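Visitor: Read off the chains here:
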Amino acid sequence: MNSSNWFRPVAASSISGEYDAFFWALVVVCGIVAVGIAIALLYFAIHYRRRSENQLPPQIKVNVPAEVTWIVLPFLFFMGMFGYGAKLYLDIERPPENAVELYVVGKQWMWKIQHPEGAREINELHVPVGQSIRLNMTSQDVIHSFFIPAFRVKQDVLPDRFTTIWFRATKAGQYHLFCAEYCGTKHSGMIGTVYAMDPHDYQGWVDRGAAEGSLSSTGEKMFHQFGCANCHHFDGHGRGPNLQRLYGQTVRISGGGSVIADDTYIRESILDPRAKIVEGFTDLMPTFKGQISEEQIIQLIAYIRAIGPQPVTGASPWIVQPGTTAISGTEPENR
Amino acid sequence: MIGAVEVKSPRSYLDSREGILSWLLTTDHKRIGLLYVFSITAYFLVGGFFALLMRLELLTPTTDLVSPETYNKLFSMHGIIMVWFFLIPSIPTTLGNFLIPMMIGAKDVAFPKLNLLSWYLFNLGGLVTLYALIRGGVDTGWTFYTPFSTSYSTTYVVAAALGIFIAGFGSIITGLNFIATIHRMRAPGMTWFRLPIFIWSHYATSLIFVLATPILAITLLMIGFERVLRVGIFDPALGGDPVLFQHMFWFYSHPAVYIMVLPGMAVISELVPAFSRKPIFGYKAVAYSSLGIAAIGFLVWGHHMFVAGQSIYSAMVFSILSYLVAVPSAIKVFNWTATLYKGSVSWETPMLYAIGFIGLFTIGGMTGLFLAALGIDVHVTDTYFVIAHFHYIMVGGTVMAYLGGVHYWWPKISGKMYPEALAKLSALTVFLGFNLTFFPQFILGYLGMPRRYAAYPEEFQVLNVLSTAGASILGVGYILPLIYLIWSWKYGKPAGPNPWRATGLEWKTPSPPPQHNFETTPVVNCDAYDYEAMKEELELV
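Line by line, the protein sequences give chains L and F.
Just so you know, the numbering used here puts 104 at position 67 of the first sequence, and the rest follows in order with no gaps.
Just so you know, the numbering used here puts 1559 at position 503 of the second sequence, and the rest follows in order with no gaps.
It cannot be assumed that every hint is accurate.
What the hints assert, rightly or not - Calculated pairs, BS3-like style, for lysine-lysine (alpha carbon to alpha carbon, straight line, at most 25 Å):
#1 F/1472 to F/1549
#2 L/149 to L/208
#3 F/1340 to F/1591
#4 F/1398 to F/1340
#5 L/98 to F/1398
#6 L/98 to F/1340
#7 L/98 to F/1591
#8 F/1591 to F/1398
#9 F/1546 to F/1480
Said to hold, decoys possible - Using C-beta positions, here's what the derived DEER-type ranges look like:
#10 L/267 to F/1514: 50 to 58 Å
#11 F/1274 to L/97: 44 to 52 Å
#12 L/330 to F/1274: 29 to 37 Å
#13 L/134 to F/1355: 34 to 42 Å
#14 F/1588 to L/128: 53 to 61 Å
#15 F/1190 to L/44: 41 to 49 Å
#16 L/101 to F/1514: 53 to 61 Å
For the record, the hints were derived by calculation from the structure and aren't laboratory data.
Since the model is a prediction, treat every value here as computed from it, not as a measurement.
All C-beta atoms in this analysis are idealised placements derived from N, C-alpha and C, irrespective of residue type, glycine included.
Using the sequences and the hints given, assemble the complete structure.
Guide: So, in structure tokens, the structure goes:
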């Protein structure tokens, strides 16, 4: 484990330098003001100490220019902090286009991670240095929070929806992964290790883990295993909507309105199919609530993404594209 | 103005009636204030004991003193008891109850019987929560986050929540009582802008009591409905939304932060003028800043949820509003400091606490600015940085102010002086112990140690050991006043009506005051802290 020094945690992501610079700028500026106030207090308290028991000092009630000064100056200073804090927040929150997407499921008390190539890990996360990684995260039970101090990122992981976090590791090493939202008895045991690896080493690690097949090919197996293919034909003649070239598209739903077919919508449609029925279809699909795990849902989503219109994330060496080896020749036959 | 104050009145509020029932059935605001002192001291000792056990457990990285289950219950019960059964009632129900009628020249609060009822509700709530504790405790944290609290925890969540629910009615009644009292019971000549700042701040606090506490009550009821009746409100498995709970909880609990700190500011705004012998600098700015804090304080709850999954745009709105609410707090700090300028500053114990408060509150407030900065918050939220931040406000702020206020008004409450040298020593002990306990936690948080961890990686141990060492010093600093104040109740030197030569109406009546506070209703003809107008009476030159 790379260790931090006394007053600075390990800095190992594209954001950590910017974060620390702002943090320490605040420490210096706020420190100067705080020390200034402390000195003024002590100086006044000593210099103007009571010299005789009956002393009546000059009765100063207010000084308007001084009052205005220490209303306006802090306000301007605060607005500056707000602005820079917001800029940093956008940098932290908005993933770049070319980020590789991994899936994370939090549960009491472990982190389960699935790579698009098929590798799965628990309480460990292997990532290549220099590549932006985006994690799509959901929880199987209570609220957790995914926190990598060395990367200066944190995001709560909620049941019933996906939240995302992204980072780009800049330094190879091993870093803490913590759960930062109290989640029950073994909350402090819900910790893991992030392995930021040289890209070449990482490729080797991926290849070793890909034996089971990619996430989307596992998803394809699930697609048949759960009987999805019985209704969701790829010729448009099935009882359910055609899921080919669906991912990321806007879907009109019956009763008016539309929805973007993203991870959250697909997940909802599996667990609660009646919630938003696609226009022109009837309420036929049974719920899979209780029969399917969060990991299997993620595999199905990965499959639907893979048969989607175009690669959603830009050219990335680790995303399995539709039509490449993992997918080719596996289109479900129409029944 | 008021004659014969040198002679101790034979019928002070303490000995006008005798027997335990004369206390348990009293409607005298001063006696009710003392009943509250008794209750909150007991809760403080219980909550403090839990803190001590937590700090001992955290001496080592592994869980060796207590199990993780027990540790989780310790921090949950520490938070629940300290927030709802010590900090929230601390200053308003003790010093506020005792002083508000006297400061405005009234005989009592507007609704004396309701005042007594509030004490009973508070203690009934406390007993229900203690029942939860004795039966096996609760492990949800004081924040009761869903769906953990409603569907996963196997501990006594409903009993703990019910206790808080009941005690909340005590808060609402106290707030209502203070608002009515301040509006309707002021002595002739006591206009709004002649009120001591103590009253302004308690008025602002009371508004929050009345407006925010019902939201907490509703939220806790919903927890009960979901947990017992399985009505889906917060748990997604039942069709609910877990983040909705966070919105509702913080919509109360952020204003509740100001319930805890505004009365502390109220006390400091009395101590600083009294020990500088000057009017508070910029009276109106300080008075209005209390109302400003109360108003804007209702609009910043989302800053607890910057990484909880809300939209980045609502996060920005909450961030900017959080900076706005910092402005009135900054105004107060600068005005307190300016009050000392060219003053006649004396270094008695209450002033030591006041100076300590200003310093610690400044650090607490400034680290709040860090947390309001969106990007900075991401890394340090839910770590020990947040723990340190709010303990600087709640303990470095509110508890220091409470102790300072108790020392300042002790002569009025008991009629006796506390031992000054020992009190100064304990004030210094509290200040040093506090900083040693909580300053290392800022560093721990920045280094990445999450809060609510029973076990932690080894590299965090040194700072945790420092923190535990500080906590034991802090404990000594808190026990000392408990001992010497009780001692001085019997053996202290008689105080006289106005030992500090201060200006408030409470100092124009004997110590301890008679049952109805004043022999005759006072007439007010000068501003608060007007030493110039009172210089003959106070024998100042």
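Visitor: Each of the hints needs a verdict: does it hold here or not?
Guide: Structure-based check of each hint:
no., hint, result
1, F/1472 to F/1549, "holds (5 Å)"
2, L/149 to L/208, "holds (23 Å)"
3, F/1340 to F/1591, "holds (23 Å)"
4, F/1398 to F/1340, "holds (20 Å)"
5, L/98 to F/1398, "holds (12 Å)"
6, L/98 to F/1340, "holds (10 Å)"
7, L/98 to F/1591, "holds (16 Å)"
8, F/1591 to F/1398, "holds (17 Å)"
9, F/1546 to F/1480, "holds (20 Å)"
10, L/267 to F/1514: 50 to 58 Å, "holds (55 Å)"
11, F/1274 to L/97: 44 to 52 Å, "holds (48 Å)"
12, L/330 to F/1274: 29 to 37 Å, "holds (35 Å)"
13, L/134 to F/1355: 34 to 42 Å, "holds (35 Å)"
14, F/1588 to L/128: 53 to 61 Å, "holds (57 Å)"
15, F/1190 to L/44: 41 to 49 Å, "holds (43 Å)"
16, L/101 to F/1514: 53 to 61 Å, "holds (56 Å)"
Comparing the model with each numbered hint stated earlier shows that all of them hold.
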